Amino acid sequence: MQTSPASSGRDAALRPEPLVRRLLGDGTTIIIAILVVLTVVFAATQSDALSASVLTDILNNSLPLALAAAGGTLVVVTRGFDLSVAGVVSLSNVLVAVHGGSGPLGALEGALIAAGAGAAVGAVNGYFVAYWNLQSIALTLATMIVCSGMTLLILDAPGGDVSDFMTYTMTDRIGGVVPVALAIAVAVYVVWRLLRRTDWGVGLYAAGADETAALLAGVPVRRVKLIAYVLAGVCYGLAGFMLTALTSTGTPNVGEPYLLLAFAAIALGGTSFAGGRGGVAGSMLGALTLTLLQKVLFSTGVSSFYTGIFQGVVMIAAVVVAVLFARIGTRGEAHA
Amino acid sequence: MTQAPLTGNGRPADTRGGAGARGWLGRLDRDVRTALALFAISFGLVIASRVLGPNFGSLAQMKAILVISCFLMVVAFGQQMVILLGGLDLSVASMMTLGGVLAFKWVGGSDGAVLWGVPAILAVTAALGALSGAGVSLLKIPPFIMTLAMGVILYGATLGFTQGTPSGQPSAPLSALFANTAFGTPILYLMVLAVVAGCFVQTRTSFGRKVYALGTNPTAAYVAALPVHRLTIATYAISGASAGLAGILMLGYVRGVTLTLGQSYLLPSVAAVVVGGTSIIGGRGIYAGAAAGAVLLTTLSTIVDSLGIAEGWRTIIYGAVIFAALVLLRDDLAQLLGRRRRTQETSQNNP
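Protein chains in written order, with our numbering: chain S, 777 to 1112; chain G, 67 to 417.
Hints listed in this document are in silico derivations from the structure and should not be mistaken for laboratory results. Quick caveat: nothing in here was measured; it's all calculated off a predicted structure. Cβ coordinates follow ideal geometry from the N, Cα and C atoms, glycine included. Check before you lean on any hint, since a few could be wrong.
[To be verified] Here are a few chain G residues that face chain S, going by a calculated C-beta distance under 7 Å:
id, residue
1, F122
2, W172
3, V218
4, L225
5, V340
6, I346
7, G374
8, E377
9, G378
10, Y384
Start from the sequences, fold in the hints, and give me the full structure.
What follows is the structure, encoded as structure tokens:
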């Protein structure tokens, strides 16, 4: 905004190389850098930090948040806010705990129930936001409250029955090598990369960056938004499913912390709240960072009273760095 | 795009015409109509609750509901100022807790301490709010993240310096605000004053008008040489101070504080503002609406909580009513979008 159109020509000579620009301007680079630093600190302060079991544990702990943040990213890219994440995670958690069966088939059934519940809530959100033009933050606040009410009706105290298959196999390593959590995260990322190339994926970014321009260019903005909310709901549902496997119990208010954490992960991952910029990979890495940060604070012996302060400072620092680098990366581009 | 003339609260004037044909109600400002409608719904809810039992729908209950809505009303003022600017303040919950904890420590016990303690707490919370504003304005951190992080940091700090248990004493002068006297409850008069003062600051002062201008179109405000940074920082400072004030009032009402004192006010503060007809994108809405939204939400939760049904159903009803209010009050938004669509068509026809 502060570079005048006249100066962009002069800046062209100083423009960084495309690769440098891509590295600096891409939010994912920063989150990876933060992750590397945290991992080094973690490895230095805890002797078994890089053992397979500790790594699997960290991946398992961050997967529900990573899935929730991945879903939230789709909505944030359209310039919306989806607060229903907290309600859907709780709802699918109790649904799976109460209705999930045993063995691999039972787990599949649980996953389908969770994804279905999430899709239904997402469809309500998407329909009213896209077709009725309701404010997304207010509407999803209402659906979040309704979801937590339904959760309490299904299970009013922690309980439920989670199969051994979910508790043990789903949090283990495939063939003793690849953690299941990592495989699921990669699978979600691959699906996202494929979707990103479809008309919907292109329309998603267009609608987020400039809705009017997207409409004029023939993007079915309403349908694109509706699908974004439905897919987001599916992600939240799966997050609740994986959380059930992790905690092996149903807890009615288990999703509450996910509301703010998911948005923190999205911001850390470099997705812009102004819409049209960012991606799922960054958000998932952001979720991993937040989980690792907690472990590092614990392993460095910071009093648990003060961990909040460090979390907040790291969040602000990461975003400041991201904003600064994005500015360097796009210097002279604003008016190009 | 042509600029429509601005009304008192800084948004394009209602140029649809026909206002006179709809009588005196139609001649009122649209935001004032929303506020009146919300107050009427709250009043109707209390009256309707008479069917539930003899203890419901009495004048005493109405007064009690109004009194306990003061906390949400005060938080909602700051939240609304920030939302008018196009931002969002997620630190209000921690800020409110901090205000209560500090009041417990500084103001409690001695009556005279109110005179220096309350201003001191307001100064602290305003300064912390200003810090958020500086992050948003100078460092270009998204408001959502800046205030979320500020909230997490403040909560951690409060937890740390109290070591988990706040210490102090209740304050008699603060509690006196909530006591019944021959002339009514003092806080009720203060609330009416606050609504009038809040609307005045927003619509009749240069500062208020500039906030609307900045929220409506930041680029235009920048070009018009408005002090963008100072305005943003001041607005977040106001939000910090009003959340702090709500915490102080809470000490007066509850006569004690907990570390979760503010938590249940975070989402309702946003809901009250939005239900009160304020656009989350900024630049539209007045405090009367947000205050009415706060009264409606408090009425609703009070009545629903006393229904004697399962907590799950209570929560569902609460959410469903917020949902219904959004759908019913969407009229304004639809008109706004209708106007935008018309503008688009015009620009298409005249390339």
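Run through the hints listed earlier and report the numbers of any the structure violates, in increasing order. 1, 2, 7
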